[in-house]
Every structure is written in structure tokens, then in C-alpha cells.
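Q: This is what each chain is made of:
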Amino acid sequence: MPTDMQVHGIAPVQTGPTISEPLRRFLTAARSAGVRISSAESIDAMRAVEVVGFSDRTVLRDSLSLLVAKSVEEKQIFEDCFELYFQRNDFTKPNEPGWRTPQADDEDDEDGGNQGGGPGGTGGAQGMGGGQGMGGGKAAADRLAQMLLADDRAGLAQAMEQAAEQIGLNKISFFTQTNLYTRRIMERMGIRPVEREIEALRRANNDASNSRADALETGRERLRDRVRDFVERNLLLFAKGENEKFREELLKSSKLTNMERRDMDRMRVIVRAIAKKLAEKYGRNRKKKNRGQLDTRKTIRRNMAWESIPFITVWKQKKIDKPKVMVLCDVSGSVAAMAQFLLLFLYTLNEALSNIRSFAFAGNLIEVSEILERKPIEEAISEIMMTVGFGSSNYGNALLDFEEGYFSAVDSKTTVIILGDARGNYNDPRTDIVQRLSERAKRLIWLNPEYRSSWGTGDSDMFRYGPYCHILTVCNTIRHLENIVTDMLKGSR
Amino acid sequence: MTGNVDVLLGSIDAIENGLGQFGYIANRQISTAVYLSHHLQKPILVEGPAGVGKTELAKSVAAYVGMPLIRMQCYEGLDESKALYEWKYGKQLLYTQILKDKLGQLFGLTETIEAALEKLHGFSDVFFSHHFLEPRPLLRALQQEKGAVLLIDEIDKSDQEFEAFLLEILSDYQVTIPEIGVVEAITPPIVFLTSNSMRDLGDALKRRCLHLHIGFPDAKLEARIIDTRVPGIDEKLRKQLVSFVQQLRALELKKLPSVSETIDWARVLVLLHANMLQSDMVRDTLNVLLKFESDIEAAGKQLDSMTHKARQEAGFAD
Chain A
1 MPTDMQVHGI APVQTGPTIS EPLRRFLTAA RSAGVRISSA ESIDAMRAVE
51 VVGFSDRTVL RDSLSLLVAK SVEEKQIFED CFELYFQRND FTKPNEPGWR
101 TPQADDEDDE DGGNQGGGPG GTGGAQGMGG GQGMGGGKAA ADRLAQMLLA
151 DDRAGLAQAM EQAAEQIGLN KISFFTQTNL YTRRIMERMG IRPVEREIEA
201 LRRANNDASN SRADALETGR ERLRDRVRDF VERNLLLFAK GENEKFREEL
251 LKSSKLTNME RRDMDRMRVI VRAIAKKLAE KYGRNRKKKN RGQLDTRKTI
301 RRNMAWESIP FITVWKQKKI DKPKVMVLCD VSGSVAAMAQ FLLLFLYTLN
351 EALSNIRSFA FAGNLIEVSE ILERKPIEEA ISEIMMTVGF GSSNYGNALL
401 DFEEGYFSAV DSKTTVIILG DARGNYNDPR TDIVQRLSER AKRLIWLNPE
451 YRSSWGTGDS DMFRYGPYCH ILTVCNTIRH LENIVTDMLK GSR
Chain B
494 MTGNVDVLLG SIDAIENGLG QFGYIANRQI STAVYLSHHL QKPILVEGPA
544 GVGKTELAKS VAAYVGMPLI RMQCYEGLDE SKALYEWKYG KQLLYTQILK
594 DKLGQLFGLT ETIEAALEKL HGFSDVFFSH HFLEPRPLLR ALQQEKGAVL
644 LIDEIDKSDQ EFEAFLLEIL SDYQVTIPEI GVVEAITPPI VFLTSNSMRD
694 LGDALKRRCL HLHIGFPDAK LEARIIDTRV PGIDEKLRKQ LVSFVQQLRA
744 LELKKLPSVS ETIDWARVLV LLHANMLQSD MVRDTLNVLL KFESDIEAAG
794 KQLDSMTHKA RQEAGFAD
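Here the protein sequences line up with chains A and B, keeping their order.
All residue numbers for the first sequence refer to this note's numbering, where the first residue is 1 and numbers rise by one.
All residue numbers for the second sequence refer to this note's numbering, where the first residue is 494 and numbers rise by one.
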């Protein structure tokens, strides 16, 4: 348990140094792994570290986890990241170079003799930088050679950490950079003079020099393996999260219709996450206060206790209805991919909607609500495709099916969403049905996965349907989908 | 008094032991959270499934440090007049009635309305002072001289606006009352917020708190909890019971049994004078552990094998 560190902890702010380098680096790693950490939280983390100290790993982990990771998922990521980050200490158990306590510093002085002695460790590291940066300092080279021969894990690890810091290893972002960074770190540590020495020893070619050269070479190989290992771990720490975030952003705005199969699963995860967030926000009964309109009845009731003298005023409220949705999806050909995500989105959103019925059509239209409710979405979609999909679409026919079968279910509270490219293969578009639908429903939203420039070309009837739609928009990325659904939930027309 | 609290919350071990004395078996994480909360002066936001002892933690801490527990239950529609303060309208009304004559006398001497108003301005604050203030839980917690443990229970049930309203009290331990001004805490209370994750809380709120997640305990911890909570229980039975509940949690159920349910079940079994788990008895008392018919049905199918395994794990072969 903390001893001397704790004394500082009582009055943390004024005595506390600026955020220490190792902690800052760890937080960077945690951030890139996907834990959201605000700057206020990193300051808190620093204060916490001052209170609990560095000595007990578990306490340290728990404390940081309390301050920095604010959900169960984040806690999991955080703990993995913590383990990964401190794995390097297995290589160098006694020193714990990531977190240098004053005691550890003393030990370093004994075996490495190269520590500056600053509690954060950074001062020492920079001091070193001058000497080793040249890569040719005689003393530095000798020391490296010595450490290689003695297989001084602790000393090597420390030199490696410093070198890594100096060359900026935490900027590594691609797997292909591993070799480059490995070599750079080794050069920083002064491997070149050692290599020159090996060459010289080989030239001398006697028993003593050969055996020393062999030993040095073994040491060098061992070091290379360790440095590579270290670099790879750092890649995982600093780059994985960033890469994933970047990829996710890219996926959100890439066209769903030509999504690659391998991205599908990830896409589903993203869609679920967005929909869940929206559902949380809009899932509860919402009321809008009408300030300025007094609810007389409620005001009198509320103030009964004091003879109805209106101390407390109650204003009229309007309940915001959850949307009642009917969705008609074209599942023919190219629209199918989009339909899948729209349905996934809406069904994940379920609790924010008061009622949802879905229909799929190509040549004919059928209701698919029951399949979607019964089965997980992926299975349901493939079953729907089996039943209706992949035929050539006939909008007129499908609309007629809808009017005959389900028109009575549409009322003034219903939002009708039609997803389709409006390409009806030159059949009668039956715009009259769309007109009646539009008059009957609260609003009619038409989502078209095609770009606006191709509307109306060839067999597209988009402009014939257009005038009857309250909202008519291009929708072929997750971002489009998110915007449209958010608007719908907000209750704006 | 504060010195005492500093001693009581002086180290993580002290907290762990201390809470144990009051019947709360805390794991390392929980005691670390309490320790940090005291030293960083930050509220603790406790999340986790129902019945793992979130509320109990606040109660035990209050008992341990010897401070009063002030509890505020959140619900939809909770607003500041119920959480923070309310004017005592009735009292104000009564006082104006009583003082009517007095006021008449005062104003009798003035000749113009302006002069009367001028005079009235001098008294205007009388009716909006501390005398007419009805403190609700939050304000009460700030007014405790020797500190208090403030428990804001099920914060996820309240509205988002209320969450925003809490920010001031959580970060600065003060509240603003328009008519009076800023009321600061005499002694900052130890604040616990609990949430069942009904909805995601705002980032602003989370940022101001230590985030503690209490999950289901592992077998060892659960056994200790049962030991403290159900003192009379036979050791063999306890082992079997814990093993059984742990197995139950591995099943896919609507609602997994929580610690509180385990405790209830242990009490039931003690009442029934059981010293061994028997399939029949388990079947009869399963409704203590599981709260959905479909769950009971699902668990019922594997009941025999689970009971058997529980007995084996506790060291009894049939």
C-alpha cells in the first residue's frame, strides 16, 4: 500500500506535478483503444495516482478504471489495455520502467547507472538522449555490449524504452512499419558500434575474439526479437483503436449497396449501436411543455393545500407520440442490401416506436412483420429473400397489393416509409395509390438508394412519385439512415 | 469528527474490514472506490444488475462512518421542488394573515403609495428566507454539520433534465436557490448514485463521478456474503447453495438470480431445516430465486444435474 506517495495525496492539486509522462502515455494508449477520456478525467486520474501510489498494480488498475472507464464495455477495454500495456513489465519485472517509483529509480541507478533520477523518469530519459542519440558514444556502446553479453534484461529493457520514446514509437500506425521502427530503436540504443565491433572481432579471427563475437551476435539476435515484440505490442496499443475508428467512420459513409461481404458483420454492429443510442434517447414517453398556456385545472389541484392560491403554476403539456411506422421495402436486386439495413435499424429501434409493420415486395407484396419478430434479423432477412426477393420489381402491382390488403391499417398517426429505387420495369406506376396513401398517412417518406442524378432515367418513376412524398431523399449510407430516422423520431415533419 | 472519518477511510484495507463489520462484504474494487471517493471528493456512481447490493453499500458506509444516510429515490417527473427545496407556502400564508394588522399599522403612517411600496421593499425578503424553506433531501444533505451519506437511488429513472440539475451539487457540493443565493455544504457529504442502466446516463454526469460497476460475485465472495448475512447456515449447505446459484447464472435466463435472491433462498432453506440440497426441495423453492415462469421452466429441466453437480463440488458424492 502507498506510503510516501499518500502524503502528497492529501493536498493533491497544489503540490501535484503536471501529469506524469508514463501516465499520459498510458492514457493515450487507452484512448486509442476506444476508451473515451476527457482532459478533466486525465487530471483526475493523475490525482488518483498520487493518492494510491504506483506500488500496488491491482489498486492502480481499479482506481484508474473507476475514473476513466465509464461503462461496462469501456471497463473491459480498459482492463485489456492495462494488461497489454504493462505486459512489457514481464520482461523487466524488477524495474517496472513504465511506472518509476522513487525506489525503482534507485535500483536503476545501481544496475544501469544511466538514470537521471527524476521521479517521472522523463528527465533521465532526455539526459540519456544526448549521449545515445549520437549512436556512437564509446561509453554507450560499451554498455550495450556489456548488457548483451550479460543478457541484462532489465538494463536492456530500460534502454529500449528510452530509445522507443526518443524515436516516437507511439506514432506507429501501420503493421508494415514494424521493421522500420525495430531497426530505429536498435540504432538508437547504439547497435551500430556493436556491429562494428563484431566485424572487427571477426577480422581479428582468433579464438577469444570469435567467441566474443558469437556471444555478441546471439545477444543482438535476442535483442532484435525482443524489440520487435515490443514494437508489435505498441502497434496494438496505439494503432489498433485508431485504425478501427477510422475504418468505422469510413464504413458509415460508404455506399451500402456495394458493401463487401466481410464488412457486413461489422456494419451490423455499427447499425445496432446507432439504433440503440437513438432508442435510448427517444424510447421514453416524451412531453413538450407549452410554456405560457396555463393548465387551470391542474394548477388549482396542485395548490389545494393553500386554498388554491396559485403559488405553483402548472403548464399545459403535449405528449409527443412515438411514431407508428409501416415500412415497405423493395427487396429486388440492388436495393436488397439497403433494405436489410433499414429493417435492422428499425427493429433495433423497436422500443422508440409505438408500432412497426413491415412489408417486402418485388413483383408482389407480402407482410413480413411476423418473420422479423420471430427470428433474429439476419435469418429473417434471408428467409424473406427466399420468399419474395430477386424477382423483377413491379411497383404498381406491389402498391395495389398494399392498398387491397393493408390500407385500412394506415391512419393519421402512421409514418409510411417506402424504400426503393422506383424502377418498375415500365409497368404502370400507379401513382394514384401513392397519392391516396400520402393523404391518409401522417407522412410518407421515400428513400431511394440511387443518386439523384439517375432518378427519372430509364425506367425510374421517381419523379412521378415524388410530388406525393413528404420527404424524398437519397439513402445509401448508414449516415443517411441515421439522419432520416433521427428526424422521424424528433417528430418533425 | 472529520478526523475520525479520515481514520476510518484512511486506507483501503481499513475500509474493507470496516464494511465487513457492518455486514457488507466488499471486494477490493468497491473499497478502492470508497477510498478514492473520500480522497478525491468525488461522488460514486454505482451501476450493476438489481440486487447486487448497490443501495446496501451506501447504507453500510453510512453505518461505518457513523453519519446519517439521506436517501433520495428518483422517479420520472422528479423535480427540484421535491429534491432540493420547497417554500412553506402554508406557513407564508398563515404568517401574512397573522401579521395583517401589524402591516396595517406600519402602512398607516405612510401617505402615498410610493412611500408604502418603499417601506414594503424593506420587508420583501422576510417571506423568502430560511425560515420558510422546506429542505428536501439534497439540501438536507448539504446542511448536515457533521457530514452525511447522500444516496441518490436509481438515477436512471429520473429525467434527463434532472440529471443536468444534479451537476452543480455533484461537482461543487453547492446548490443555487434563486431567492437566497448559493448554499454550500457545511461538510461535503459522501455521495452515492445508483443506476440499473435503464438508460445511458449523460457524459457530463459520468465525468463527475467515479464509475463503479458491481457485477455478480464469484463463488468465494458469495459464500462470504451468505456467511455474514445468514449466520446460522450449515457450511455444507452453503457450499452447495452457492455452487447451485453460480451454475444457474450460467444459464440463459430472463433475469439472473442476484445476491439478494441467494440470501433469501439461503434463509428459506435454513427455515426448512435443510442440510443438503435435494432436487425436490430445490424445485419447490426455486421461485425464490427465479422471478419468471419461463425461467423456472428452463432451469427445471436441468435441475437434477445441477443439484448433483453442486453436491459434488461441495465434496459430496451421491
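Treat the hints as calculated values from the structure; they're not laboratory data.
Where hints are given, some of them may not hold.
What the hints assert, rightly or not - Among chain B residues calculated to face chain A with C-beta under 10 angstroms, some are:
{"id": "1", "residue": "L571"}
{"id": "2", "residue": "S574"}
{"id": "3", "residue": "N689"}
{"id": "4", "residue": "S690"}
{"id": "5", "residue": "L703"}
{"id": "6", "residue": "L705"}
{"id": "7", "residue": "F709"}
{"id": "8", "residue": "D711"}
{"id": "9", "residue": "A712"}
{"id": "10", "residue": "L714"}
{"id": "11", "residue": "R717"}
Ideal Cβ positions, reconstructed from N, Cα and C, are used throughout, including at glycine.
Q: So, for every hint listed, does it hold in this structure?
A: Here is what the structure says about each hint:
Using the Cβ-Cβ criterion of 10 angstroms, the hint placing L571 of chain B at the interface with chain A is not satisfied: the shortest such distance is roughly 14 angstroms. The interface hint given for S574 of chain B holds, since its Cβ lies 8 angstroms from the closest Cβ of chain A, which is under the 10 angstroms cut-off. With 10 angstroms as the threshold, the beta carbon of N689 of chain B stays out of range of chain A, its nearest partner Cβ sitting at about 12 angstroms, so the hint is violated. Hint on S690 of chain B holds. Least Cβ distance to chain A is approximately 8 angstroms, under the 10 angstroms limit.
For L703 of chain B, the suggested interface contact is upheld, since its CB lies about 4 angstroms from the closest CB of chain A, less than 10 angstroms. This hint holds: L705 of chain B has a C-beta 6 angstroms from the nearest C-beta of chain A, less than the 10 angstroms allowed. Here the hint on F709 of chain B is broken, as its CB sits about 12 angstroms from the closest CB of chain A, past 10 angstroms. The beta carbon of D711 of chain B comes no nearer than 15 angstroms to any beta carbon in chain A, farther than 10 angstroms, and the hint placing it at the interface is violated.
Interface hint status for A712 of chain B: violated, as the beta-carbon distance to the closest one in chain A is roughly 20 angstroms, over 10 angstroms. Hint on L714 of chain B is violated. Least Cβ distance to chain A is approximately 15 angstroms, over the 10 angstroms limit. Taken as an interface hint, R717 of chain B does not check out: its beta carbon lies about 18 angstroms from the nearest beta carbon of chain A, beyond 10 angstroms.
Taken one by one, the earlier hints fail for this structure at numbers 1, 3, 7, 8, 9, 10 and 11, listed in ascending order.
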